[in-house]
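Number of protein chains: 2
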Amino acid sequence: MKSKLKSRVQAQLQQLLGDRVSTNQEVLDRHGEAFSLYERHPPDFVVFPKSEEEIVSIVELCSHNQIPIIPFGAGTSIGGHILALHGGICIDVTLMNEIIEVNYEDMYVTVQPGVTRNQLDERLEGSDFFFPIGPAVNATIGGMASTRASGTNAVRYGTMRENVLDMVAILPNGEKIRTGSKAKKSSTGYDLTRLFVGSEGTLGVITELTLKLYCRPERIYSARCSFPSIEAAVNTTIKIIQTGVPVCKIELVDGQVIEAINAYSGLSNPAVPTLFFEFHGTEIELDDHIRKTRKHAEEQGGHGFLMEKEESKQKKLWQARRDLAPSVMARFPGSTLMTTDVCVPISRLAECIVETEKDFKEAGLFPGIHGHVGDGNFHLAIPLYGTETEDYKMAKVLNKKLIKRGLAMGGTSSGEHGIGIEKLSYMKEEHGSSLEVMRAIKAAIDPENIMNPGKLIPDK
Amino acid sequence: MKSKLKSRVQAQLQQLLGDRVSTNQEVLDRHGEAFSLYERHPPDFVVFPKSEEEIVSIVELCSHNQIPIIPFGAGTSIGGHILALHGGICIDVTLMNEIIEVNYEDMYVTVQPGVTRNQLDERLEGSDFFFPIGPAVNATIGGMASTRASGTNAVRYGTMRENVLDMVAILPNGEKIRTGSKAKKSSTGYDLTRLFVGSEGTLGVITELTLKLYCRPERIYSARCSFPSIEAAVNTTIKIIQTGVPVCKIELVDGQVIEAINAYSGLSNPAVPTLFFEFHGTEIELDDHIRKTRKHAEEQGGHGFLMEKEESKQKKLWQARRDLAPSVMARFPGSTLMTTDVCVPISRLAECIVETEKDFKEAGLFPGIHGHVGDGNFHLAIPLYGTETEDYKMAKVLNKKLIKRGLAMGGTSSGEHGIGIEKLSYMKEEHGSSLEVMRAIKAAIDPENIMNPGKLIPDK
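Heads up: the sequence lines are chains A and B, in that order. Using the working numbering, the first residue of the first sequence is number 1, and each one after it goes up by one. Using the working numbering, the first residue of the second sequence is number 1, and each one after it goes up by one.
With the rest of the complex left out, here is chain A (with noise of 0.2 Å):
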């Protein structure tokens, strides 16, 4: 930003937010800095916002003057999502942070952006609901929102995309739009809520969510299962979607990663392809569950399955998932890492597993595999050391055979990552000319690209 300019918008902010405005080149860069190998872009501004009407104000100024806005909630996105590319203003919403209405009766929580799952987890413990859609870290829910994320249990209950019911955004021009209602369903004109969830703050600022609630189970099971292949454990999870049980969560982590975390964890577990479970429903319904999922798994060679009723001793099982990150970091030391994702028709899950860990295995790369199988999404967590190295150029160049991969599959480029910049250069392969048309969209909602710009959308 020009000096001139940024003198006038500085004073103007100060004007508006008072010392909520931070040109501190540690909070600029901690705001331009992603969970990943990007090199940092800061911000020219953060503001610290604790209204609607004081975010419409900034959008306002910067519609006026042409200012770039990136939204940011906790920062964790893997895609480069919330760098300041072209400088600008980036709108904390941390401290928009109050949870709006609880109604129980309807089944929906009202939040402000700011909010974390964990925030939301702690105001609904010891009621009769849960909202069960979470990354592995500590995200806001508008930025999951805006990211479409999902996580562990979203075979059973979908991600964002399923779970957000209507949403308050400003949109670039300033006005203040409802995108849905409180309503289950609707047949009412385009599905907005659904255009913003997944939209990486590129259309507007999300000011307020509606999430559906779930009622909690009244028993959680916990098991796990160790495999004699990566095929033995997808086959088995294609064979429990395809029966209908109507399990919680199927993670895959893959034997080297297992060796990893038994390194980190004092564990041993035996280092093989390994299916961690997770079972929602009553103790009957839950028997039955663990009886049909086990079947399922012996049939596929499945071995030293483990079922686990109490919760100090599921947590223990689930640790090993947990602790999947720190462990290949533990395993390297000083690396950081790389991370991707792709999602493919289960019946491909296998097969594009299995190829990509032997690329990368042949390369000397770990790739440290895991993920979300019963969606047909699994994870890469590739440790590096800086982007100047030959295995990160590697890295690169395999990763962009894994997403050409899973898109010759059918599948997508990403799961539950999102575009950001990290994927925009397969956006058109992916896409086609529904790229065009999500231009056409952008360009009509925010004509002077103000929103978050170069993400999502590659430049033509």
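Just so you know, these hints were derived from the structure itself, not from any lab. These numbers were taken from a predicted model, which means no experiment stands behind them. Errors might be hidden in some of the hints.
Footprint (simulated), chain A over chain B, 3 or more residues, beta carbon under 8 Å [stated by the list, open to error]:
no. : segment
1   : 117-126
2   : 148-157
3   : 183-191
4   : 288-295
5   : 307-315
6   : 328-340
7   : 379-390
By construction, the Cβ of each residue, glycine as well, lies at the ideal position given by its N, Cα and C atoms.
We have chain A; now place chain B onto it with these hints.
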């Protein structure tokens, strides 16, 4: 259409489609008639393409000459969606009725838009899988997607919103797009699938749809229960939903309607508000679901709880619900039904129904109340004798009152019937500034406004 243009277009269409172009008045009339009390608006031509390529050519012809296009499936919509308000070409897709791929492993089916609900059911018969979404009539899948159809199973399986995985559509410029992929989830770009679902033919012509399949439940049970009041029935519904009983259908039929059904079908059900239930699951699960449902019902004064496990007996139990429309028409011989629906947060449902019933009864009208109460969605089926009567005028006034009541309760002006032309005048009140966003999207994708003009989005 001017006669010179018309003959030129006719020649071009005939060259393209041979005898699959109709100007026969009966055919035109049948395609310009809604399942309701609207004035007839026949198109200039009805065409019957057999392939995507033919649709592209038709759309290009229309685009070049700015001729309105009305996509047409079974013509069963009740909101006037298919009326050719400005003439033009009706694209009847019923010859495009191929089931392209049934993929049990990945649990999806890909169909052409003219495939009907019953045709799909028949194809899946005998398999372990089914498609749960269906309105009361034998609509086409293309039409169901276009109107975001729903039906009795939505409380458990969602609506078309949740169940279309991917689509192919021809844009108004003749460009072909694919809206998604075959992966179960994705976080790459704007959700065009959800944008096209419910767009009522205003954005493009759908030529292919991929739908999610579900495992057939091991067992299906049905039940029926009588209640002392609408409130008692709705409170029972709320309790069932709130305690997580995964009921598949909960249908309310009002006492007056039960009376009409009894007379029509020779039944003797108590003529009081009645809930009909269907449950999907294993034997052991269903016993539990039935037990809980019955307990909730009886706590609200429910009586005469009848449960059926045998298929033929379940069919008989549901006959009452199925015979609803003919029963009401038989009670008022020669009448046409005016239908309407709203959807509200379930906590407001009893109040909404009771007030609405009172309004209609006080005006001497038969409201014909029934609905998918598990979703907070209910219908009116009002027998009327033409549009020239005082009753018709009164029904219009009370329908307006109902919609305003629904909106004031945080609901939507239609849960599943859609806008068409029926509820155009409420779009502004329901969506506020969001309507301008819809208008901008429409203009971006269909700048010449040739796709089903005059529907969904009110003229300025």
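Query - Hints not upheld, ascending by number - result: 1, 4, 5, 6, 7
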